[in-house]
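> Each chain, letter by letter, is given below.
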Amino acid sequence: MLDFLRRVISLWRKELLAILKDPANRVILVVPSLVESFLFGYAATYDLNNVPYALLDQSRGATSAELVARLDGTGVFRRVATLETPGEIAKIIDSGKALMVIHIGPRFEHRLTGGDQAAVQLILDGRNSNTAGTAISYVATVIEDFNAALRSGSGPPLTVESRAWYNPNLETRWFLLPGLIASLSMIQTLMLAALSVARERENGTFDQLLVTPFSPTEILIGKAVPITLIGLMQSTIVLLVAVLWFQIPLAGSLLTLYAGLILFIIASVGLGLAISAVSINMQQAMLYTFMLVMPLILLSGLTTPVRNMPQFLQTASLVNPLRFAIDLLQRVYLEGATLRMVSYDLVPLLIMSVITLPLAGWLFRHRL
Amino acid sequence: MIDRSSEVASKHVGVKRSKGFWKRVMSLTRKEFRQLLRDKSNLAVGIVLPMVLILIFGYGLSLDVTDAPIAVVLEDPSPIAAEVVSGLELSTYLSPVVVSSMHDGRRLMLARRVDGILRIPNDFSRRLAAGDAQVQLLVHGTEASRAIIIRAYVNGAIRQWTQRTADREGVVGKPKAGSVTLVERMWFNSANNSTWYIVPGVIVLIMTLVGAFLTSMVMAREWERGTLEALFVSPVRPTEILLAKIIPYFLVGMVGLGMCLLAARLLFQVPMFGSFLILLACSMIYMLVALGLGLVISSVMKNQFLASQVALLTSFMPALMLSGFLFDLRNVPTAIYMIGQLLPATYFMELIRTLFLAGNVWPLIFKNTAILVGYAILLLGLARFVTRKKLD
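Top line first, the protein sequences correspond to chains A and B. Under the working numbering, the first residue of the first sequence carries the number 1, and numbering increases by one thereafter. Under the working numbering, the first residue of the second sequence carries the number 1001, and numbering increases by one thereafter.
Any given hint might turn out to be false.
[To be verified] Estimated spans, in silico, between C-beta atoms of each pair:
| # | chain 1 | residue 1 | chain 2 | residue 2 | range |
| --- | --- | --- | --- | --- | --- |
| 1 | B | Ser1027 | A | Val35 | 55 to 63 Å |
| 2 | B | Phe1276 | A | Ala81 | 38 to 46 Å |
| 3 | B | Glu1089 | A | Gln311 | 22 to 30 Å |
[Stated by the list, open to error] In the BS3-like style, the derived pairs of lysine-lysine whose C-alpha atoms are separated by at most 25 Å in a straight line are:
| # | chain 1 | residue 1 | chain 2 | residue 2 |
| --- | --- | --- | --- | --- |
| 4 | B | Lys1302 | B | Lys1031 |
| 5 | A | Lys97 | B | Lys1367 |
| 6 | A | Lys21 | B | Lys1302 |
| 7 | B | Lys1367 | A | Lys91 |
| 8 | B | Lys1302 | A | Lys14 |
The set of hints was computed from the structure by calculation and includes no laboratory data. As the structure is a prediction and not an experimental result, all values here were calculated from the model. For every residue, glycine included, the Cβ atom is placed at its ideal position computed from N, Cα and C.
With these hints in hand, go ahead and build the complete structure from the sequences.
Written out as structure tokens, the structure reads:
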């Protein structure tokens, strides 16, 4: 037992040294997680806070001016142009200068005072239909409020008081960053694990390793643990950025969070080592990893919810460790879920680690 | 006489040099092709992965919300409260489930079985008569974007109900007032279908992938194994080596592009309003940009692991997150916006979406193509500059 430990520890030292001795490696293992958590934390937003619009007001009345003033008052809409004729609409939308044009017809005022319905036309650039759809709902809200004020002179008779659980201001960032804790470290741990054996094989040192007193299990543990540690370090960097910089309150316990993370990283390392065992050289290992990473990330719910996917892709995502890790992290981080509440995620992760690591070990032995 | 003969001689040498140039490029290209075809993993990334990606993106990535389950806690048994619920049922986006108590609602929400709870309090009908009724909406905020959409739908459904009732009954004691209706027209994507804007974006991602990622690795491998140094002692010049690397991967990228275009048109029925030829030309230019980026990265890094990581982190991830592919750049902080503006992918994204969905908008085409050509020249020039016949 003591011998076992001594051998494994010396292998860990060697592996960590091999990874960390290169200064460029040290940089590439730390800087990207740091930079990307900042960049994506700021970039990832589906919220609208800057909608450039153009106004075509043919009625030029007090009411239309009031309606536009209400729009401007939201702070979301920014007028970039005032148009004179409908002919100008196409140009400003096509060029992308304005996301939408608000067209108020000449009879607007007249119809309103006559007690009729007066239409406001909204022309939107649907090239990003998500943004356009959100903009419609913002304008609709302003108009409904305006109607209510017209009707009664005071507030609307029925109001909706809404509140959001777990993410009071409904910021996309809160949703994304917990997911990044797992995704960013997965990209590199998978790659490191996939390269570790492939590199030794390419250099011929793997054969040397096999004739040493190390048992295949020891080699496996020796390879897996250092990479797991590096993955944990990267996750910690992202976690720190989320908590300290973006000030997203951590609702759950760190212990639960790390329990899930460790299982997840072990499962990814196992996956990486299995790839490593079946690849002939580093390039193959890397390309296979990459082919795996892309679908894993896209079908994990990191950017778009798993529930929006068609059924067969949802079923396919059941073998994706990242899917469970992201769900777990979001639940623990935002919702404060306990270990028992996230067992739905923990069990699959556990099963995956239990399958992938021995599989990698088996592949080591059966493929020389 | 002497002048003339030397002129002829130099002309002759010029012809010979250019002949040798093409011969060398052709033979090197042939070698690269063989290498590419020999290792199946290259072709897998170049051709299978694009196919998988476009299917996943096209089918899997959707931001559209339909039939979002909402628990309705009906504490007021009056018919008017039930009418509000039926107002919600009219919406195709929501599917209300009536539960008996707030407790049940909370339970469903905790289990993530519903996206929100709408509570209609027991004093609802009484307060509605007084004109200050309130309903409470709780949304599950973890998936913020979904929650925002759901909140807007519920608000809209309730406002519409209010307006319908008001129009029907009129407000007592007041003259009939007009109201403003919103008529919206979404140009370029009248169906409001997120597949239409995601699929053209995928083309950008795939070309970035093949160009920058694949090429950087292939070139870095030659540096790492020293085979590039072996090439340096041969008569081939760096430009020729680069050309021989660019040609096969350019073709792989074009195959990927062709498959994406077919999938976009046939599988996802994304309309194409712009000119196909312009789209093809722009894609070729962008392919050169991506190849240039990959070559620069590999020549600087000279190591497969580092090159692949740098290529991933400087080209693919930003193209996914910062180019306006999913997240609209208009809404991000200025600093991030500036970074997005530095990426060639941002310009190609705008270009390809416009060509697919809007048509030939010439000012946009000229601007973005000019920028892409600039990047192509810059990056390929840089690649030529860093690939010199020099040993470390």
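> Confirm or reject each hint.
Tested hints:
For the pair B:Ser1027 and A:Val35, the supplied restraint of 55 to 63 Å is violated, since their beta-carbon distance comes to about 42 Å. For the pair B:Phe1276 and A:Ala81, the beta carbons lie near 32 Å from each other, so the given range of 38 to 46 Å is not met. Under the hint 22 to 30 Å, the C-beta atoms of B:Glu1089 and A:Gln311, about 24 Å apart, fit the expected range. Restraint check: the Cα-Cα separation between B:Lys1302 and B:Lys1031 comes to about 21 Å, which is no more than 25 Å; the hinted pair holds.
Simply put, A:Lys97 and B:Lys1367 have alpha-carbon atoms about 13 Å apart, close enough for the 25 Å limit, and the pair holds. For a cut-off of 25 Å, the pair hint linking A:Lys21 to B:Lys1302 stands: about 17 Å separates their Cα positions. Proposed proximity of B:Lys1367 and A:Lys91 is supported: the alpha carbons are some 15 Å apart, at most 25 Å. With a C-alpha separation of about 24 Å, the suggested pair B:Lys1302 and A:Lys14 falls inside the 25 Å cut-off, and the hint holds.
The structure shown violates the earlier hints numbered 1, 2.
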